[in-house]
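S.K.: Starting from the given sequences, assemble the full structure and let the hints guide the process.
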Amino acid sequence: MANRLLFQLEIDGPERAETLALPPGVTRLGRVAGNDLELPHHFVSGRHAQIVCDESSCVLTDLGSTNGTVVDGEKLPPQTPRPLTEGTAVQIGPYRLVLRVSTVAEPEPEPEPEAAPPIVVAPSAGEVMPASSPPIPVIATPPPPPTPPSPPAIPADPAAPPPGLTHHSERLLNYLPAIYHTDFMARFLGIFESILTPIEWTVDNFDLYLDSSSAPADFLPWLANWYAMSFDTSWSETQRRAFLAEAYDLYARRGTRAALQRVLQIYTGARAEIVDQEADQDPFVFTVRLPMPANQVNRALIEQLIDMHKPAHASYRLLFAQG
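So that you can map any letter, position 127 of the sequence shown is 127 in our numbering, and since no number is skipped, the others follow by simple counting.
Among these hints, one or two may not hold up.
[Unchecked claim] Pair ranges (Cβ atoms, derived):
no.	residue 1	residue 2	range
1	L165	N225	30 to 38 Å
2	V26	S102	15 to 23 Å
3	T85	V26	27 to 35 Å
4	I195	R16	36 to 44 Å
5	H41	A245	53 to 61 Å
6	F188	E86	37 to 45 Å
7	D36	R4	18 to 26 Å
8	D36	Q91	15 to 23 Å
9	L165	F206	33 to 41 Å
10	T147	N3	33 to 41 Å
11	R254	F188	14 to 22 Å
Hints in this document: simulated from the structure, not taken from any laboratory.
Since the model is a prediction, treat every value here as computed from it, not as a measurement.
Heads up, the beta-carbon is just placed ideally off N, CA and C, and yes, glycines get one too.
M.R.: Below, the structure is given as structure tokens:
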């Protein structure tokens, strides 16, 4: 004789004490009508949790309730399945639910009675047996048309909130009296939290916008305005961040050979040679040699960088490697 597990839920709450057998499948718990187990109390959300049972186990999942679900003294994270065992205590609002597991014998199916042999009556003397009727031809029926494919299942929550936010209020609701701790109020205040919370995050972490290594790419031109610098499309994001990371030091040494070499190296990726002490050079004239052909770089922008970072009284000659 086969045995099977019987799952029962002992319910203890306001004016309620009963035992409910958990059937295989999904059992929904909540405050409003339409749930398999109704728990009418304002601390319980409309769709609070669900229990899924099969032949060998039961699993509890909190459906993002306002006041949460406590399992054996530990708060259950939303949308996180938790296996239940014998004696597991679940606290939902003022209701205490305890799982009881027992083994019951499953009756074996009764054997089907054997078919009785057909009774053959022998014809009496002089009796003629009727001739058997001709066989009826069997007309083959065409196969049924194929079943159309079922439409894809609609997800339970197609609009998932961004990380750090939920559909229910987690902060503003705490400022209201307990009488307002309802599922509707939690979802209503969640609208304002979804708008205000990202703004507060931005204000609280605005220092990240002022760091060239962590600022958004669209914010880099605003940082460049501090140094009267503008980036065109030939500057990659890596070059822009590298320039802004060293801008304070480059501008402190502006007009020196080292600062000019470093600016050109950030933009071109190669170290420029700057010569200002050749015998045949004119006074206050220096030479900039770049180790790449002129068609590989933006000559106008390089001249603009040199004009910005050279000594104001000096002139220069710009030379490129032969391509």
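S.K.: Does each hint fit the structure? Answer for all of them.
M.R.: Structure-based check of all given hints:
no. : hint                       : result
1   : L165 with N225: 30 to 38 Å : holds (33 Å)
2   : V26 with S102: 15 to 23 Å  : holds (21 Å)
3   : T85 with V26: 27 to 35 Å   : violated (19 Å)
4   : I195 with R16: 36 to 44 Å  : holds (40 Å)
5   : H41 with A245: 53 to 61 Å  : holds (58 Å)
6   : F188 with E86: 37 to 45 Å  : holds (40 Å)
7   : D36 with R4: 18 to 26 Å    : holds (21 Å)
8   : D36 with Q91: 15 to 23 Å   : holds (19 Å)
9   : L165 with F206: 33 to 41 Å : violated (20 Å)
10  : T147 with N3: 33 to 41 Å   : holds (38 Å)
11  : R254 with F188: 14 to 22 Å : violated (57 Å)
Hints 3, 9 and 11 from the earlier list are contradicted by this structure; the remaining hints agree with it.
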